[in-house]
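Note that the protein sequences, when read in sequence, are chains A and B.
Under the working numbering, the first residue of the first sequence is numbered 3, with each subsequent residue one higher.
Under the working numbering, the first residue of the second sequence is numbered -18, with each subsequent residue one higher.
To be clear, the hints were calculated from the coordinates, so they are not data collected in a lab.
Beta carbons are placed, not taken as given, at the ideal position from N, Cα and C, and that holds for glycine.
Incorrect hints may have been included.
[Claimed, not checked] Some chain B residues close to chain A (C-beta under 8 Å, calculated; not the full set):
hint : residue
1    : Ala29
2    : Arg33
3    : Met37
4    : Leu48
5    : Lys51
6    : Arg52
7    : Pro61
8    : Ser62
9    : Ala66
10   : Glu71
11   : Gln74
12   : Tyr75
13   : Met78
14   : Leu105
15   : Leu109
[As the list claims (entries may be wrong)] Below are the DSSO-like pairs computed for lysine-lysine, each with C-alpha atoms no more than 30 Å apart in a straight line:
hint : chain 1 : residue 1 : chain 2 : residue 2
16   : A       : Lys19     : B       : Lys101
17   : A       : Lys270    : B       : Lys126
18   : B       : Lys(-6)   : A       : Lys297
19   : B       : Lys(-6)   : A       : Lys81
20   : A       : Lys295    : A       : Lys257
21   : B       : Lys111    : A       : Lys270
22   : B       : Lys104    : A       : Lys24
23   : B       : Lys(-6)   : A       : Lys20
24   : B       : Lys111    : A       : Lys20
25   : A       : Lys280    : B       : Lys81
26   : A       : Lys298    : A       : Lys375
27   : A       : Lys83     : B       : Lys111
28   : A       : Lys378    : B       : Lys183
29   : A       : Lys24     : B       : Lys101
30   : B       : Lys81     : A       : Lys11
31   : A       : Lys320    : A       : Lys295
32   : A       : Lys270    : B       : Lys192
33   : A       : Lys295    : B       : Lys101
34   : B       : Lys104    : A       : Lys257
35   : B       : Lys126    : A       : Lys103
36   : A       : Lys19     : A       : Lys280
37   : A       : Lys20     : B       : Lys183
38   : A       : Lys11     : B       : Lys(-6)
39   : B       : Lys126    : B       : Lys101
40   : B       : Lys187    : A       : Lys24
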Amino acid sequence: MRALLYLTKRSFINRAKKAVRKPVTYLYIALGVFYVAGILAAFASLAAAGGIAHKEGIVYVMTVWLYFIFCSNFLSYAKLKGVIFRPSHAHFIFTAPISSKLVLLHGAILNYTVSFVADLLFSVAAVTVFHVEPARGVLLFVFCFVFETVFETSLMVFLYSGEERFRGLIRLLRLLILALVVAVASVAAWYLVAGGIRVETVLSLLDSPALKLLPVAGWEVSAVSLLVTGPDLWNVIGTVLFLLACTGMFLVAWKIRCTGAYYEDAAKFADDYAELRKRNQKGESGLGFGKKKLKKASLSGWGTGARAILSRQLLEYKKERFFIFTGFTLAALIGAVACIFFVGRPQEDLPPELVLMGVAVYMVFVGTGYMGKWGKELEQPYIYLIPEPAAKKLWYATCTEHLKALVDAVLFFVPVGLAWGLPIWKTGAIILSYVVLQANRLYIKVLGDSLLGDTLGTTGKQFFLLAVQGGILGIGALVSIPASYFINTNLLFLIVPIYSMMITVLIAALTVPRFECMEQWD
Amino acid sequence: MLEVQGLRKMYGKNLAVDQVSFFVPDGRVGILLGPNGAGKSTIIKSIAGLLRYEGMIRIQGIPSRELEAKRIFGYVPEIPSMFEALSVREHIQYIRMAYKSPVTDQEVESLLDRFEMTDKADKLGNELSKGMMQKVSILCALAVKPQVILFDEPMVGLDPQAIRELKEVILELRSQGVTVLISTHMLEMVEELWDVMFVMEKGHIKASFRKEDAGDRDLDDLFFEVTGGEKR
């Protein structure tokens, strides 16, 4: 235990020492404070708008949270993915003479932190927004944090211990959780069908004894209700059941034999998580653990020279499950359906073509930080080794990305354009602007990497990307919007594509000399 | 001593290691050889307690999962993973505390010096190169003052000076009665170290040799004799 405490203490001190030397830390702290204040303000305005800015309101909010967190935690613990270990744990902790229960409890520090922050936030909101007396607010925080932690860690130890004789029970519990989700959904559906989709119906659902008596999340809701609003029959029964559940689970965790059998899964998860973090830092997709399964594929007619880069990329995409189609493609399709069937053609005072151009620009800006395969591509030394001019290599290396952007744009803008009755040339101009601005994002990434190196870290580079792309879009808006407003709306569909192409060619020209070698990337 | 009996490990439906048994006595260096995918890493990870397995593994007669066994066991994995925010010296300090190791400050300094890490002792884990990480991994395993030590491809990433030092360390450990097991592909690197070798193929131990029985044949000869390859 002393060793684990030493490890935690030293890691914290070293990180803190490093952090205070970085100006960006203070920016993050300011953003964090701003964010918390924002959440509280949002709580307040939502509570006022929903008519729940009173004591019961915090019970409603915490009901939703407790059900969500209980079900998601249980399912992730049951799959042995609820505690985040790192590869260094597998190397230095799993092999050390430290009780595997202690290792587990130490590994779950992040989980306690999340509980601590969430409970603190709810308690502050209870006092400041929902008019709960301060003493009750403090009691709410202490009770929730202590008992939630006791129950959660005990459950975690039970599930991770993986004793053979409990395998059946754990499977049964997983089924029960699914049954719980189905039960909650059924109760909710019944209320909504009976009472209609209204705020009152939702509040009456959240107030129902059923949600206070479903195990274990419901029992904790009872305890929250008891602490905040005082006793009634249901919340007293639920609270007693919750305390019994906590005590029982604690005793089980205390007694159960844990041999460290979970180390195998935890080490595998640690590797997968490290890989996921690495991918996220590079701006690749944040979904999916483990190795991707690839199909078998072949390519006829390989290109030579710089074209070989394109051939290789196409072959890689052929091996992918969905070829060049990504989450963005799906989002484009869903967005198109939503715009056509749910949003509908905008009113006359807001021309639909302007709305669609705005959507295109917004999509470009939102997708700026997402690099997909492009981030990985830049790390391939083979690109730089091919004896061809840098401009040619840059073009062929980005071809598939342009194609992907074009496909996504066509899938979204063509059906929406047709449904909203836009002239074809305007839809074409929007698609062209979108594809060109997406290309710009790729070149800015190369430029940013080579100019900044490692001086600002990954986050700094992301800020650079957002700042440059945001600046370009902002200047574009400053030029095109007044022109379209004061002269002619059609001008916008001329100015934006031309401006986008000019700026993209300029950025590409700045990028080419930086594409000669990969020295800058590390 | 290190004792492996009837070790069997499956990954899903794939049988990685089947009924593997071997024994390395005190003060002996065992070498685990075999082509890629033979099951060496599975055995190593099973001994280190990182995998579930069937069979029995004992360290100095104690089941390897017991804390008492772990306390006298040092492990150098193939790919070292450092604590990002711990310095080299703090890594060693953590090991001393976790293992309640009797290693002295002087011995730690001497180890750092031997592996040319004294000037890097205050560097954090995420500031180290791969070779340096491998050195820290070795230093930590040695700081345990183990009775059984396990090296998985220990020479990978080390500079020539460190390789020479490591070989000397292994010979010193042997002379102190420590049991050493090394898994490696680099036959020439362990030529002068080995006492007993186990050749693995497709999850089984195909053959084992003791140095005194090998006669004039070197590791290459013995390995290719078993696996059917040709020495060049």
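Verification of the supplied hints:
1. Ala29: Where the cut-off is 8 Å and the nearest Cβ of chain A is about 5 Å from Ala29 of chain B, the hint holds.
2. Arg33: Holds, because the Cβ-Cβ distance from Arg33 of chain B to chain A comes to roughly 5 Å (cut-off 8 Å).
3. Met37: Since the shortest Cβ distance to chain A is 14 Å, the answer is violated.
4. Leu48: holds (4 Å)
5. Lys51: Hint on Lys51 of chain B: holds, closest Cβ of chain A at ~4 Å, below 8 Å.
6. Arg52: holds (4 Å)
7. Pro61: Constraint on Pro61 of chain B satisfied, holds at 6 Å.
8. Ser62: OK, holds: Ser62 of chain B within 8 Å of chain A, min 4 Å.
9. Ala66: Constraint on Ala66 of chain B satisfied, holds at 4 Å.
10. Glu71: holds (5 Å)
11. Gln74: holds (7 Å)
12. Tyr75: holds (5 Å)
13. Met78: holds (4 Å)
14. Leu105: holds (6 Å)
15. Leu109: Nearest chain A Cβ about 12 Å off; hint violated.
16. A:Lys19 <-> B:Lys101: holds (18 Å)
17. A:Lys270 <-> B:Lys126: holds (28 Å)
18. B:Lys(-6) <-> A:Lys297: Between Lys(-6) of chain B and Lys297 of chain A the Cα gap is close to 21 Å, so the pair holds against 30 Å.
19. B:Lys(-6) <-> A:Lys81: holds (19 Å)
20. A:Lys295 <-> A:Lys257: Cα-Cα ~41 Å, so violated.
21. B:Lys111 <-> A:Lys270: holds (21 Å)
22. B:Lys104 <-> A:Lys24: Since the Cα atoms of Lys104 of chain B and Lys24 of chain A sit roughly 18 Å apart, the hinted pair holds (cutoff 30 Å).
23. B:Lys(-6) <-> A:Lys20: violated (47 Å)
24. B:Lys111 <-> A:Lys20: holds (22 Å)
25. A:Lys280 <-> B:Lys81: It is violated: about 35 Å lies between the C-alpha atoms, which goes past 30 Å.
26. A:Lys298 <-> A:Lys375: Judged against 30 Å, a Cα distance of about 19 Å means the pair holds.
27. A:Lys83 <-> B:Lys111: Holds, because 28 Å separates the two Cα atoms, which is no more than 30 Å.
28. A:Lys378 <-> B:Lys183: It is violated: about 34 Å lies between the C-alpha atoms, which goes past 30 Å.
29. A:Lys24 <-> B:Lys101: holds (22 Å)
30. B:Lys81 <-> A:Lys11: Since the Cα atoms of Lys81 of chain B and Lys11 of chain A sit roughly 18 Å apart, the hinted pair holds (cutoff 30 Å).
31. A:Lys320 <-> A:Lys295: Holds, because 12 Å separates the two Cα atoms, which is no more than 30 Å.
32. A:Lys270 <-> B:Lys192: Given pair Lys270 of chain A, Lys192 of chain B is violated - Cα atoms ~37 Å apart, limit 30 Å.
33. A:Lys295 <-> B:Lys101: violated (41 Å)
34. B:Lys104 <-> A:Lys257: Judged against 30 Å, a Cα distance of about 42 Å means the pair is violated.
35. B:Lys126 <-> A:Lys103: Holds, at about 25 Å.
36. A:Lys19 <-> A:Lys280: Judged against 30 Å, a Cα distance of about 24 Å means the pair holds.
37. A:Lys20 <-> B:Lys183: Violated, at about 48 Å.
38. A:Lys11 <-> B:Lys(-6): violated (42 Å)
39. B:Lys126 <-> B:Lys101: holds (22 Å)
40. B:Lys187 <-> A:Lys24: Given that 30 Å is the threshold and the Cα spacing comes to 57 Å, the pair is violated.
The structure fails hints 3, 15, 20, 23, 25, 28, 32, 33, 34, 37, 38, 40 (numbered hints given earlier, in ascending order).
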